[in-house]
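Working from the sequences, and respecting the hints, build out all of it.
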Amino acid sequence: MKLRPLALSLCLALSTLASIPSTVSAQPAPVAAPASATQRWTFDGAIHNNSLALSPDEGTAVVSYSERPDVVVYDLKTGKVRKVLTGFVTPRNIVFAPSGEFFYVSDSSLGTVAKIATSSLKTVGTLPAGPGAFGTVLSKDGATMYVNNQAASTVTRFDLASGEPRAVIMGFAQPRQGVRLSPDGSALYVTNFMGDKITIVNTATNKIDGEITGFNKLRAISVTADGKTLFAANSGSNTIAVVDLDQRAIASTIAVGKDPYGAALSPDGQRVYAGNLGDNSLSVIDVASRSVVATITGFKEPRQAIVFTRDGRTAYVLNEDLGLAKVDLASNRVEATIAAPAAKMQKAAP
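Numbering-wise, the working numbering comes out as the position in the sequence shown, counting from 1, plus 2.
Some clues are possibly wrong.
Straight line, CA to CA, 16 Å or less: simulated EDC-like cross-link-like pairs of lysine to aspartate or glutamate [to be verified]:
| no. | residue 1 | residue 2 |
| --- | --- | --- |
| 1 | 260 | 303 |
| 2 | 124 | 72 |
| 3 | 199 | 246 |
| 4 | 199 | 211 |
What follows is a list of derived Cβ distance ranges for each label pair [stated by the list, open to error]:
| no. | residue 1 | residue 2 | range |
| --- | --- | --- | --- |
| 5 | 251 | 77 | 42 to 48 Å |
| 6 | 290 | 238 | 23 to 29 Å |
| 7 | 142 | 175 | 23 to 29 Å |
Because the hints were derived from the structure by calculation, they are not lab data.
Every residue gets a Cβ at the ideal spot worked out from N, C-alpha and C, and that includes glycine.
Shown next, in the form of structure tokens:
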């Protein structure tokens, strides 16, 4: 039986992924790239998400929405668009290096992560992740990146100094945007769309050592600074789940707005902000009382793209049209919105 080109490409890519070890030594040798930088994956275009990253100096915001094949860079000092970056197909997640010198953009259709210089806004490298490259997270020192590969149900671990994958961890079920490290870096928490569970990975061994179940259309997650509690958005039940990480179980749930995607923890750890796609709002949760204390309106389909300034006074929230809302957290009001450049909304995957 002859395989069609797409099926054949997928088989070859997955075969290569399987050849990379899931356990590595202290100083592993480089391994072959798991996917071609030019291969496109066309089967996840209907999965929508957005992303927003704030530079360490808080002067630049970089945003994307998976239905737009471009990435917008905002100058927050002037409140204007600095540049629209093209060359993407289905951009998924954005993260800055701790130095602010670079930022990284994953693209699920290309199966890659682009490394872009913040000063020139030029692509200076490409990480060959895997089919459906989606959520990304960096270690605190910026040396390691983990990439969720939704279409392959794997997570790739990269050494960023060399740009080489060091391990491909298997055993997931469509990992998407939700991926976080514990504060000490010893555990990786990965959300699985299928099965509505969080998989826990031991980062010393690159092996799965547990899971947390009981979610309902699991979306974004956040972990407290003491590493004891995780907050997770349940868009299927309009709740934020409070997870006891010592017990590896859901301790309680908090009712929020309609269709929550976001679960962003404030810098001081005292508030969780749920981005409610269904009613264009943010629910403000007091962590101590586990209750909603305010609702912020004035958004357009907010999802998980919510970030904070270091002083905790301001949040930036991404709207569906890539407009950027600036929120004063003392008054819980949108004080300004930076308009997005006009673009034709389209299905990003060809």
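Going through the hints against the structure:
The hinted pair formed by residue 260 and residue 303 meets the criterion: a straight-line CA distance of about 11 Å does not exceed 16 Å. Of the pairs offered as hints, the one joining residue 124 and residue 72 holds, with about 14 Å between alpha carbons and a cut-off of 16 Å not exceeded. Note on residue 199 and residue 246: the hinted pairing holds, with a Cα-Cα distance of about 14 Å set against a maximum of 16 Å. For the hint linking residue 199 to residue 211, the alpha-carbon distance of about 13 Å falls within 16 Å, and the restraint holds.
Taking 42 to 48 Å as the suggested C-beta distance range, the pair residue 251 and residue 77 conforms, at roughly 44 Å. In this structure the supplied range 23 to 29 Å holds for residue 290 paired with residue 238, their Cβ-Cβ distance being about 27 Å. At roughly 28 Å, the beta carbons of residue 142 and residue 175 sit within the given window of 23 to 29 Å.
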